[in-house]
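Q: Next come the chains, spelled out residue by residue.
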Amino acid sequence: MTSQRISWREVAAEARHELLSTLGSLPLAITLLLVIALASVAGTVIPQQKGIEFYMQNYPATGDVVLGVLTWERLLAWGLQDVYRTWWYLSLLIVFGLSLATCSFLRQIPMLKTARRWKYYTEPRQISRFALYAELSTGLDPVAQVLRKKGFQVFQEGEKLYASRGILGRVGPIIVHIAIILILLGGIAGALGGFQTQRMVIPGASFDLIDPGEEGRRPTWKVRVDDFRIDTRDNGTIRQFNSDLVIIDAEGKELTKSTIAVNKPLVYDGITLYQASWAVSEILFRFGAEDEWIRIPVAPLEEKINGQDTWGRFIPLDEKNKVGIFLAANNLQGVMAILYVGEEPTATYRLRPGIPAQIGETSIRLEVKEVIGSTGIQIKKDPGIPLVYVGFGLLMIGVCLSYLSHSQIWALRQGDHVYVGGKTNRAQVMFEREFSVLLARLEA
Amino acid sequence: MDNLVNLQRALDDVTFYVLLATTLLYWLQAAFKDWRWAGETASTGMIIATLTSASLLSARWIESGHPFPVTNLYESLFFLCWCLTFSHLWAEYGSRQKVIGVFTAPFATGLAAFASFYLPVTLQSATPLVPALDSNWLMLHVSVMVFSYGFLMAGSTTAMAYLWITRKDKSVTLKGNSVGTGGMRTAEKQTTTQDLGTGNVAVLAPTATMTFQASTLAETLDNISYRLIGLGFPLITIGIISGAVWANEAWGSYWSWDNKETWSLITWLIFAAYLHSRLTVGWQGKRPAILAVVGFVSVWITYLGVNFLGQGLHSYGFFLK
Ligand code: HEM
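Protein sequence lines correspond, in order, to chains A and B. In case it helps, the working numbering puts the first sequence at residues 1 to 444. In case it helps, the working numbering puts the second sequence at residues 1001 to 1321.
Keep in mind that the hints were calculated from the coordinates and are not lab data. Since this is a predicted model, take the numbers as computed values, not measurements. Please note that a few of the clues may not be correct.
What the hints assert, rightly or not - Label pairs and their computed distance ranges (CB to CB):
{"id": "1", "chain 1": "A", "residue 1": "K113", "chain 2": "B", "residue 2": "R1096", "range": "32 to 42 Å"}
{"id": "2", "chain 1": "A", "residue 1": "V390", "chain 2": "B", "residue 2": "R1096", "range": "54 to 64 Å"}
{"id": "3", "chain 1": "B", "residue 1": "A1031", "chain 2": "A", "residue 2": "R74", "range": "44 to 54 Å"}
{"id": "4", "chain 1": "A", "residue 1": "G236", "chain 2": "B", "residue 2": "L1007", "range": "24 to 34 Å"}
{"id": "5", "chain 1": "A", "residue 1": "S7", "chain 2": "B", "residue 2": "R1167", "range": "49 to 59 Å"}
{"id": "6", "chain 1": "A", "residue 1": "T31", "chain 2": "B", "residue 2": "R1167", "range": "18 to 28 Å"}
Unchecked claim - Here are a few chain B residues that sit away from chain A, every Cβ distance over 12 Å (derived from the structure):
{"id": "7", "residue": "L1007"}
{"id": "8", "residue": "S1058"}
{"id": "9", "residue": "R1096"}
{"id": "10", "residue": "A1113"}
{"id": "11", "residue": "F1114"}
{"id": "12", "residue": "S1143"}
{"id": "13", "residue": "R1167"}
{"id": "14", "residue": "K1168"}
{"id": "15", "residue": "G1305"}
What the hints assert, rightly or not - Chain B regions said to be covered by chain A (calculated; three or more residues, Cβ under 8 Å):
{"id": "16", "region": "1230-1238"}
{"id": "17", "region": "1264-1272"}
Quick reminder that beta carbons are idealized off the backbone N, C-alpha and C, glycines included.
Produce the complete structure using the sequences and hints provided.
A: Printed below as a string of structure tokens:
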């Protein structure tokens, strides 16, 4: 007697089957959705991408330990300072994508086949099993007519009738799932093949995009910023930010010119340049009419002034008596000069460019020539965008289709009796009502 | 202009008081089953509140000349209030059930109260747009997002009504899901009907020729809740996508893990889990409804909580960070 052995191939086949059916299972999908949601919450509760000192201070290792376990060492070890880029978060997304792919191809596309299959019923008994069921004394043709008017596709063969509406509602989820896979793939393509960087530039300066680590991916041309302007409305609120950009090659030859603004970027060579932010970077001023112009850089202040981001710099005038002036600006039109005597601010003056001013009772004179802004330009290349946008489009179409309810109605005539029954997959309540209205109309 | 401003003040007060009365009426009707007039009046109250908040928003629209009146928190609150009353009416009409109002009306009232009494007057007045907000994609984004919150909230409050109605039942089965189980006659159905016993009228009275097994009250609420969330879900999807497209066109990144953005994703994931939990045999019964309530909390955090959590791209009135 020879004994049989299970071949390795069969073992592998079973393992594969198990793996795929687990990956494509709904409980796993729901768990993944909720786990990803929960992990994302962590990233909104814990401030992200701060310096190590921040976490040492706010998540101490001894004493008042957050939640009793979350010391800064653990926080950093688990990557909670940058949740969305940790290996475990990305792995969750990858498993999620695999789950979607398995589910779509192994379950849903076959399911769609089943959903499209239909047959006539030949026995009243079969139809009377439906929760919505009625016996009529009209013929079959009025039923067909009313159903057609209601948007059903009606199939009729002799005494038998089948009607269906909203089959697209069954296609919707598949489109949704494939769209999400495309978006995830687009995200991967962007992460692997693209780059993103920001530059703060003072008009007149130019910058390149070369990064020693990534020669192949960065272009060799440069960008020169000719001007930066802020347009305001009559009431002083900001309407628009504009930067005049010139793309130049390595020799300085102008390749193209464009003015970018918020919502109006420049696309060149597959790379997009956006007007993303701005800052006050320097103040040009002098004391007396005979003095030299002084150019001082300013820094962003921790606190807003009048609810606006403000930049400023302290200028000590008299070390001994602790007299000094704080120059601050929150737009390019003027400067606030705050006079300090001792620790306390004593008075605030507004200075307009070109108008010399006397600072209070002191002998200090100040004249601002210009507030120099710098423009914040975001530079980005993302080869995943087409894929992501196609995914977005399909996702929007797919979710809308998924709202449709697939309704089916069967009818059968025997003698002068017509048996009608039907069901729908999503909108039961509305279907019940529609069904009863339909029958009432037929009865009348 | 002053007339328009006074009109707005009046409309905003009226909306609040009407909603307050409506809430009380819905509660009365739930407590005393035979006070039908209370339910009828409450429905009328909801219609009035829908109209007054819509007029308020239109007056704003005319005053500011923006393409859409949702540029600050005050306008946004009233818009959400309108969306909630609107989707409530949709649900009440669809289900013919007043019990939904027990849960939707107080939240609508809360929104109106928050907007008209809590917000400082400076935040209430119409403000000009900052450049980043001046975009059609953004208008689409903001209005669709708030609209989706309205439907998702109404769906979740209907789920609360469902949990309330079935609070004494151990297990219940659901009808609506994409697989379409539940179109068949069930033997236990009758027993469920009796168990509920709390005056749940079948939607349709069977006539001689129709032998309907119409949905019970619990089933009706469950199905209406599912349909509301089913409508809110495409809306929030379109809302998030339009925001992503706008962000990408405006500053070159369709996703930046800003707090509000992340919370809208969280809400989206929770409601996706809700929709899938209805398909899963082991998860049916009350669990989807509980997920809907979790989603409800998440919608509120997305809508308001994030503004208190920290400053991001979305704190009202920003340029770009
Ligand atoms: C963010 C991720 C997802 C979204 C937005 C999504 C969206 C949807 C929507 C809108 C539906 C229709 C629901 C309804 O009938 O009311 C659906 C159905 C379904 N989903 Fe998903 N889904 C996601 C992930 C997944 C995953 C990971 C799986 C598989 C493991 C999955 C499996 C299914 C199945 C089997 C159906 C029902 C099939 C059908 O009606 O054709 N989904 N999904």
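Q: Now, for every hint given, state plainly whether the structure supports it.
A: Taking the hints in turn, this is what the structure says about them:
no. : hint                          : result
1   : A/K113 to B/R1096: 32 to 42 Å : holds, 38 Å
2   : A/V390 to B/R1096: 54 to 64 Å : violated, 42 Å
3   : B/A1031 to A/R74: 44 to 54 Å  : holds, 51 Å
4   : A/G236 to B/L1007: 24 to 34 Å : holds, 28 Å
5   : A/S7 to B/R1167: 49 to 59 Å   : holds, 56 Å
6   : A/T31 to B/R1167: 18 to 28 Å  : holds, 27 Å
7   : L1007                         : holds, 23 Å
8   : S1058                         : holds, 24 Å
9   : R1096                         : violated, 9 Å
10  : A1113                         : holds, 26 Å
11  : F1114                         : holds, 22 Å
12  : S1143                         : holds, 15 Å
13  : R1167                         : holds, 21 Å
14  : K1168                         : holds, 22 Å
15  : G1305                         : violated, 9 Å
16  : 1230-1238                     : holds (count 6)
17  : 1264-1272                     : holds (count 5)
Consistency note: the structure conflicts with the earlier hints numbered 2, 9 and 15.
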